[in-house]
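S.K.: Full structure from sequences and hints, please.
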Amino acid sequence: MLLKTCIRNVPQCLTYRTAVVRATRSFVSSGVRSSTITKDKPAFPKGFVLDKLHNNFLDWTEEQKDIREAVAKIMEKYDDDFWLKKDLAHEFPTEVAKDLADHGFLGICMPEEFGGSARGISEAAVLLQTITESGGAMAGASCVHMNIFSLEPVAKFATHEQKARMLPGLIAGTERACFGVTEPNAGSNTLKLETMATRKGDKYVINGRKMWTSTAQRAQKILLLARTTPLKDVKKVTQGLSLFYTDLDHSKVEIKEIAKMGRHAIDTNMVFFDDWEIPAEDRIGEEGDGFKMVMHGMNAERVLVAAEALGIGYAALRKAAIYAKDRNVFDRSIGKNQAIQHPLAAHWMALEAARLMTYHAAKLYDDGVSSGEYANAAKYLASEAAFTTVERAMITLGGVGYAQEYHIERYMREIMIPRLTPVSNQMILNYISQQCLGQEKSY
Amino acid sequence: MRPTNVNLLKVLVPIKRTIDYAVKIRVSNGQVETNNVKHSMNPFCEIAVEEAVRLREKHKSLITSITAITLGPPKALDILRTALAMGADQAIHVEVKEGTIVEPLAVAKALQKVVERDGYDFVVLGKQAIDDDASQVGGVLAGLLGWPQANFASKVELGDDGKKVKVAREIDGGLETVEMDLPVVVTTDLRLNEPRYASLPNIMKAKKKPVEKLKPTDLDLDLTPRLETINVTAPPARQGGAKVGSVDEVVAKLKEAGVL
Numbered sequence: 057m058l059l060k061t062c063i064r065n066v067p068q069c070l071t072y073r074t075a076v077v078r079a080t081r082s083f084v085s086s087g088v089r090s091s092t093i094t095k096d097k098p099a100f101p102k103g104f105v106l107d108k109l110h111n112n113f114l115d116w117t118e119e120q121k122d123i124r125e126a127v128a129k130i131m132e133k134y135d136d137d138f139w140l141k142k143d144l145a146h147e148f149p150t151e152v153a154k155d156l157a158d159h160g161f162l163g164i165c166m167p168e169e170f171g172g173s174a175r176g177i178s179e180a181a182v183l184l185q186t187i188t189e190s191g192g193a194m195a196g197a198s199c200v201h202m203n204i205f206s207l208e209p210v211a212k213f214a215t216h217e218q219k220a221r222m223l224p225g226l227i228a229g230t231e232r233a234c235f236g237v238t239e240p241n242a243g244s245n246t247l248k249l250e251t252m253a254t255r256k257g258d259k260y261v262i263n264g265r266k267m268w269t270s271t272a273q274r275a276q277k278i279l280l281l282a283r284t285t286p287l288k289d290v291k292k293v294t295q296g297l298s299l300f301y302t303d304l305d306h307s308k309v310e311i312k313e314i315a316k317m318g319r320h321a322i323d324t325n326m327v328f329f330d331d332w333e334i335p336a337e338d339r340i341g342e343e344g345d346g347f348k349m350v351m352h353g354m355n356a357e358r359v360l361v362a363a364e365a366l367g368i369g370y371a372a373l374r375k376a377a378i379y380a381k382d383r384n385v386f387d388r389s390i391g392k393n394q395a396i397q398h399p400l401a402a403h404w405m406a407l408e409a410a411r412l413m414t415y416h417a418a419k420l421y422d423d424g425v426s427s428g429e430y431a432n433a434a435k436y437l438a439s440e441a442a443f444t445t446v447e448r449a450m451i452t453l454g455g456v457g458y459a460q461e462y463h464i465e466r467y468m469r470e471i472m473i474p475r476l477t478p479v480s481n482q483m484i485l486n487y488i489s490q491q492c493l494g495q496e497k498s499y
Numbered sequence: 004m005r006p007t008n009v010n011l012l013k014v015l016v017p018i019k020r021t022i023d024y025a026v027k028i029r030v031s032n033g034q035v036e037t038n039n040v041k042h043s044m045n046p047f048c049e050i051a052v053e054e055a056v057r058l059r060e061k062h063k064s065l066i067t068s069i070t071a072i073t074l075g076p077p078k079a080l081d082i083l084r085t086a087l088a089m090g091a092d093q094a095i096h097v098e099v100k101e102g103t104i105v106e107p108l109a110v111a112k113a114l115q116k117v118v119e120r121d122g123y124d125f126v127v128l129g130k131q132a133i134d135d136d137a138s139q140v141g142g143v144l145a146g147l148l149g150w151p152q153a154n155f156a157s158k159v160e161l162g163d164d165g166k167k168v169k170v171a172r173e174i175d176g177g178l179e180t181v182e183m184d185l186p187v188v189v190t191t192d193l194r195l196n197e198p199r200y201a202s203l204p205n206i207m208k209a210k211k212k213p214v215e216k217l218k219p220t221d222l223d224l225d226l227t228p229r230l231e232t233i234n235v236t237a238p239p240a241r242q243g244g245a246k247v248g249s250v251d252e253v254v255a256k257l258k259e260a261g262v263l
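Chain order of the listed sequences is A and B.
Heads up: the first sequence runs through residues 57 to 499, numbered per our numbering.
Heads up: the second sequence runs through residues 4 to 263, numbered per our numbering.
Worth flagging that the hints you see were computed from the coordinates, not collected in a lab.
Yeah, the Cβ is synthetic: ideal placement off N, Cα and C, and Gly gets one too.
Label-pair ranges, simulated between beta-carbon atoms:
no.: 1; chain 1: B; residue 1: Val262; chain 2: A; residue 2: Glu147; range: 48 to 58 Å
no.: 2; chain 1: A; residue 1: Asp135; chain 2: B; residue 2: Ala260; range: 32 to 42 Å
no.: 3; chain 1: A; residue 1: Arg383; chain 2: B; residue 2: Lys78; range: 29 to 39 Å
no.: 4; chain 1: B; residue 1: Val214; chain 2: A; residue 2: Val425; range: 32 to 42 Å
no.: 5; chain 1: A; residue 1: Arg255; chain 2: B; residue 2: Glu60; range: 51 to 61 Å
M.R.: Here it is as structure tokens:
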């Protein structure tokens with residue numbers, strides 16, 4: 057059909073034979089092979105790259121891909137063996153935190169005025185996914201997570217004088233902060249927290265304890281949520297909590313490390329306050345505003361943890377796919393067997409679905425949408441998809457998957473963390489049931 | 004006293020997008036697998052960008068601009084952005100269709116046209132690309148322009164007046180130092196420098212830097228391949244050796260192999 061079209065366009069004065077020859081030449085030289093003329097479509101690189109972190113995300117902006125590229129390059133210096141060493145030695149990866157800080161990545165979401173780059177949660181998600189995906193897993197993410205986003209209440213609600221005091225150190229990476237919110241008796245039910253902050257002149261006296269406070273051993277600062285009005289005196293349960301950002305005085309505050317299943321490079325602690333005095337000027341916003349301020353960043357937190365979980369899932373999937381391709385048993389790659397490749401394919405789809413949900417939720421947050429359905433759904437989907445992917449990776453590798461030197465077992469120990477925190481996946485199911493499906497609250 | 008005449012310099016850094024150096028190359032159907040394979044800026048090109056940026060850091064206003072240029076498919080824009088994030092001021096993208104074969108001669112001719120159009124004084128590029136290892140563009144470009152060239156540079160020293168450059172070249176016997184009058188072509192070797200990582204603030208700055216898009220026809224480029232690839236095979240798997248216990252055994256084995 058195309059040949060006819062070519063012949064039709066040849067000048068009438070030529071003989072038929074010359075016309076056919078000319079038409080054939082132009083047909084061939086135009087490189088057209090199919091029976092329809094198609095406009096030159098850009099060739100999108102497909103799917104997933106095995107040997108290195110891929111950057112073929114069609115839904116990401118150019119800027120996000122640039123960040124991905126730059127962070128992946130920096131993280132290349134810290135391979136899986138590096139992270140295994142840190143895990144076994146219970147050693148904080150200070151060199152990684154410093155490297156990321158020196159290249160300006162800690163201030164990714166923070167105001168430009170204080171050295172940050174004022175990017176959105178989408179960009180921070182790219183950063184954290186890349187860190188975990190490079191092999192760092194949760195240890196890599198947790199060594200910088202606090203610096204990246206947790207001071208958002210300060211960036212949003214503090215006075216200018218406070219911001220100038222509090223933000224630059226964290227952005228530059230010269231200061232480390234921990235987050236004291238969860239308590240032994242107040243995990244899912246934040247509003248029941250008991251740590252008291254009693255006003256005394258120009259100070260507050262803190263009494264109580266916090267649990268699961270990561271990086272407290274090495275932190276100079278603490279972001280503390282404490283009760284300034286007793287529960288019995290508030291009109292609404294969401295009132296009465298206040299937020300403080302203050303120096304963590306290691307001589308006055310007792311910090312006890314908790315032995316964990318994994319992520320040994322990053323310490324997690326119980327913190328005890330016994331009549332500990334802190335300056336009143338370290339209170340962020342008004343008394344009683346604490347819960348509202350902390351809630352403001354909750355959806356973003358869920359997106360970031362989702363991104364971290366995804367990275368671990370992809371890292372495990374990559375290892376499984378490479379192993380399946382290269383390992384030969386019974387005269388073929390084990391990946392040739394459908395029982396090996398089909399589950400991996402299913403996990404790729406699940407991870408991609410969770411990833412699209414995560415970045416969709418990130419975009420909603422960056423666009424100012426406050427509703428939490430997608431952020432919570434993203435955390436749920438990403439953590440569950442990543443967990444089952446890590447499990448399948450271990451099965452794919454078989455016996456060697458159980459060996460430390462293949463790193464799957466480290467991923468498995470660490471992937472539990474995004475399933476349990478910052479909110480349990482069961483609480484998310486409650487939330488979705490109530491918010492999206494109008495069901496009665498069960499508690 | 005009258006100040007010495009300084010020669011203000013425009014620097015051009017040609018770069019190439021290749022398969023990432025750390026990727027395990029797989030060959031199938033007589034071709035290297037490029038689908039689903041990570042691509043990055045050629046490592047020697049990164050060194051060239053780094054050298055240009057370091058020269059500007061050292062000589063400040065002597066270097067008026069650093070331009071990165073590439074001949075490649077739409078995807079090659081990625082490496083131009085990396086070059087901008089490392090410190091280049093602007094970029095030129097001579098865009099060809101995905102899958103087009105671009106040979107070193109065509110690249111050199113394109114660069115010649117651009118040099119003549121914009122008036123560059125210093126062209127620094129990688130000594131070779133890690134995919135074809137041709138190592139031709141630098142030399143051919145110097146020939147086309149009639150410029151002096153120094154290849155496999157392991158040290159570049161620019162004169163303070165911007166008129167001369169001293170380059171230490173890595174050759175088989177050791178180091179050869181040459182001095183040339185600008186304009187020149189320099190190709191980089193591995194030990195010249197260690198390229199910097201792009202920082203987030205620089206990535207942000209790079210977004211505002213201009214990228215000029217050109218078509219091959221804008222440079223009267225003839226991209227017809229002159230070379231035909233007949234076959235590509237992976238190197239044969241390494242054969243195991245054998246351990247011997249004494250010198251006599253070594254001699255016996257060598258005789259057996261017909262070497263002695």
